[in-house]
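**Student:** Given next are the chains, with one letter for each unit.
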Amino acid sequence: MPLSPSILSVLSEDLLVRVYGFLDPPCRKKWRLVSKEFHRVDSLSRTSIRILRVEFLPALLSNYPHLSSLDLSVCPKLDDDVVLRLASYGAVSIKSLNLSRATALRARGLETLARLCRGLERVDVSHCWGFGDREAAALSVAAGLREVRLDKCLSLSDVGLARIVLGCSNLSKISLKWCMEISDLGIDLLCKKCKDLKSLDVSYLKITNDSIRSIALLPKLEVLEMVNCPLVDDDGLQYLENGCPSLQEIDVTRCERVSLSGVVSIVRGHPDLQHLKASHCVSEVSLSFLHNIKALKHLKTLWIDGARVSDSSLLTLSSSCRPLTDIGVSKCVGVTDIGITGLARNCINLKTLNLACCGFVTDAAISAVAQSCRNLETLKLESCHMITEKGLQSLGCYSKHLQELDLTDCYGVNDRGLEYISKCSNLLRLKLGLCTNISDKGMFHIGSKCSKLLELDLYRCGGFGDDGLAAISRGCKSLNRLIISYCGELTDTGVEQIRQLEHLSHLELRGLKNITGAGLAAVACGCKKLDYLDLKKCENIDDSGFWALAYFARNLRQINLCYCSVSDTALCMLMSNLSRVQDVDLVNLNRVTVEGSEFALRACCNRLKKLKLFAPLRFLLSSELLEMLHARGCRIRWD
Amino acid sequence: MEPEDDLCQNNWGGSSSSSSSKRREQVCFTSQHKWEDASILDYEMGMEEEPAFQENSNNNNGGQVNVDFLQGVRAQAWDPRTMLSNLSFMEEKIHELQDLVHLMVARNGQLQGRQEQLVAQQQQLITTDLTSIIIQLISTAGSLLPSVKHHNMSTAPGPFTGSALFPYPREANNLASQTLNNNNNNTCEFDLPKPIVVEEEHEMKDEDDVEEGENLLPGSYEILQLEKEEILAPHTHFCTICGKGFKRDANLRMHMRGHGDEYKTPAALAKPNKEAVPGSEPMLIKRYSCPFPGCKRNKDHKKFQPLKTILCVKNHYKRTHCDKSFTRSRCHTKKFSVIADLKTHEKHCGKNKWLCSCGTTFSRKDKLFGHIALFQGHTPAIPLEETKPSAQKGSSACENSNNNNTGMVGFNLGSATNAIEEVAQPGFMDGKIRFEDSFSPLSFDTCNFGGFHEFPRPMFDDSESSFQMLISSACGFSPRNGGESVSNTSL
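Protein chains in written order, with the numbering used here: chain X, 1 to 639; chain L, 1001 to 1491.
To be clear, the hints were calculated from the coordinates, so they are not data collected in a lab. This structure is a prediction, so every number in the text was calculated from the model and none was measured.
In silico DSSO-like pairs for lysine-lysine, Cα to Cα no more than 30 Å straight-line:
#1 Lys195/X x Lys1365/L
#2 Lys537/X x Lys612/X
#3 Lys193/X x Lys1367/L
#4 Lys220/X x Lys1367/L
Given the sequences, and given the hints that come with them, work out the whole structure.
**Tutor:** Take a look at the structure:
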């Protein structure tokens, strides 16, 4: 026993807890491996957890007694039986529960969970397509609920919503996006019973102006999202002019029948509005709009994508709304350098600027933005064909805080441009899709300087090869999302380098004809966190690659194998070994027989949630397999 | 409700001829009651028709209504003086009403929803006024035509006789509330206990396809009698070329087009009997007889009553002389021989499907939601459906896949029998990379965690599941099958 009483032993437990509090998640993982004491501190202090495998749920619940937030959204095999067995553990202190995509969880399990977590305040059951009225009734047992996300609960009707509304009257936040069965009656009841509602999302619902009238009576509503409500028109928005006194944020993007006058009526009624998102419903920025928007002294976000905006109106707009930090003018007709330059001079606090598809914007405007708006964090320049390295030079010089840059389809971007961009050392997300003029040289610059990069999109960048990818793999160690689909020059030599990226979780290798099993094996061995893998049309990968994948990529959750030459055995191995796999695309597999598919699917049918299959298989696969998949909450798309 | 009654009465009380007209009304209604009682159903039907009637009477105060109504006042002698006073009273009344409506129109712009109650009251007032005017008009008109043939009355107890009853306060009230209702939600459904009545009415229809006492002289019409087989045949129109049967002649004609161009001419496609009409002599009226001997509708019966159309024959025959083969799927109590009857029944029977936790049922969702919004502690009930084969089936299925490992062994090249058990063996691949970690089942947050070794994996193993019994039945996944595919697909 090396008796060197380390400095750590003099630290008392509460001090350790304080130190622990300053650590970020990766460090905490290392922390708990230091000693028993440290481990104890970790188990006592940890409040939130995201579980990858449901088998460990009971153990983790007893190990971390103070958990308040539990995320089960990526757990396969989560079903009623699992939850019912948890019931014996007694009550837990969990306040926030994420059950997104837990499609196999039904009313029985939900009710058990709701009873188990006494103080439950937040629940996310989004994308559970089987979540219906019965499940809603089960959930309503948790009377203390304050926030509920019900996005895309396709079977939920007004009756189910009424159960939740009546069971949990303290609701302050609810999202009903894509709950297509919800009608005016449900929304009306919600607004009558939950007067404390602060945030409401009714996007994509078939609700009419009647619902908006009910919503307008909510005294505390701050955020209203109503993207693409096709039946709501300007008359509906007029109810909002006199209602919802606390409204701060509204999103009426793509509401077909809403026009400028509706937006103006909202603006008139709410001088304290901070975020106004009216993309693709305003056709033109008129004088009355400009006049009214002057009154919004606190406006921070303004999205008017798709509108006709002249330079003069953009100037007026920016001079009256100087505190703006986020402006979206993508696909706006009439936006030129003059307008953008004026905007940049007036709104110097700008953090996010979306100029996608504004074809007349040139380097001059980008330079002006870079020089005036020093806090710029996000810049979207998709399809701005006139951007060249000159514009990017000033970005590299001045925009030191730039985190996200979208240059998709800007064919003026070349290696010199990338050299300038690489000076933005804080860059986290870079999109260079369809930029065919960049080569290995440009990649070296990115790889050598942008070490913080999290996401890199090189979709169809045909100009760079293995050396470029190697440079990226060496330099951008924290990458967790990499897209190199259809980069035809890449071969095994380059792809093998990807294994250096330990944090990689999302990898798209679509259409890389030159890579073989060896390349895939190297990737599978190195990238242990791989969660999403797209191998569509990688025709030359042989079984050795898939075997490796089956053995090493234990965290793979989503895989696309369309047009791959995978054999029956390899497919079965993959499907049975990948214990977290949940979303699989298996179309056009030439070497796989019907029996092979049947076996493979049987091996993983208890964890699949989404599946894409070749249409004729619908009649060739055994019916009990299909029933089984359906019963476990798996959706099958026949292609 | 009461105040409105009073309102109605008061209006009349205020008129000059109030007492007389009131008395007259009572007379007429008691007289009407004699035959009204016999057909309460019609009376109920009348209630259904009320909105239409009201519209009607608003436009032209009279029409068929007074034709029906005047039967009730046939006993009244015609008195020109009463008539004149009645007319002047009505004129006065209409002017009053006109002024009131003018006023309301003028104020409508400002009111806009703020004083909905006031508006509603005004509407009630107008409705009652209008009602009183209509009644007055009807009774006045009735006195003009002193003699009406008695049998007309019995042949046509049309729906409007019922609605003519509405001078009874209750009726007037209903009318008022219904108009209100209409104004509020632009729908024409009322919350009256109607459905049951309508249903009974359909029961009655069994015997009443043709109105009783259609006084056709025997011999003035041609009697046709279809055979039983003909009546029960699903198709009545057959293609002469290919023999395909159709329910409708029009469909047959459409079908015939496929047999050649000669059937595509406008003449061939036109309705056949339309050409016959402009012929010289009017066709002899056709009536039908039921082939069932001893039936009242059979032509040999003493009191033979013919059936009007082929459809009547079909429905009559099925309803009276056939088994009731259509059963109600939900309540299993009622049987029908005509499918249309079943559908009608289902429309009304399954209507109250919106259920509240308090046990109240509603025909419409919005009524249920209104109820819920009004009362504390009431929630919509979710009907108990057949239990879905959800997780149970699924778990038995997944267990099945686990238990079938033996079948899969050969398939997995014998190397990873336990592949599905997720404890794959290290050393299978001659990997150049260290892979002990990756094989560890402990991948919570992808960080290996010594402490978790103490939790044995089979914590969630399905072996102790109660679904073991189901395996063999739930899935016909036999090892033999597996063996076959191995041979098919082995490398």
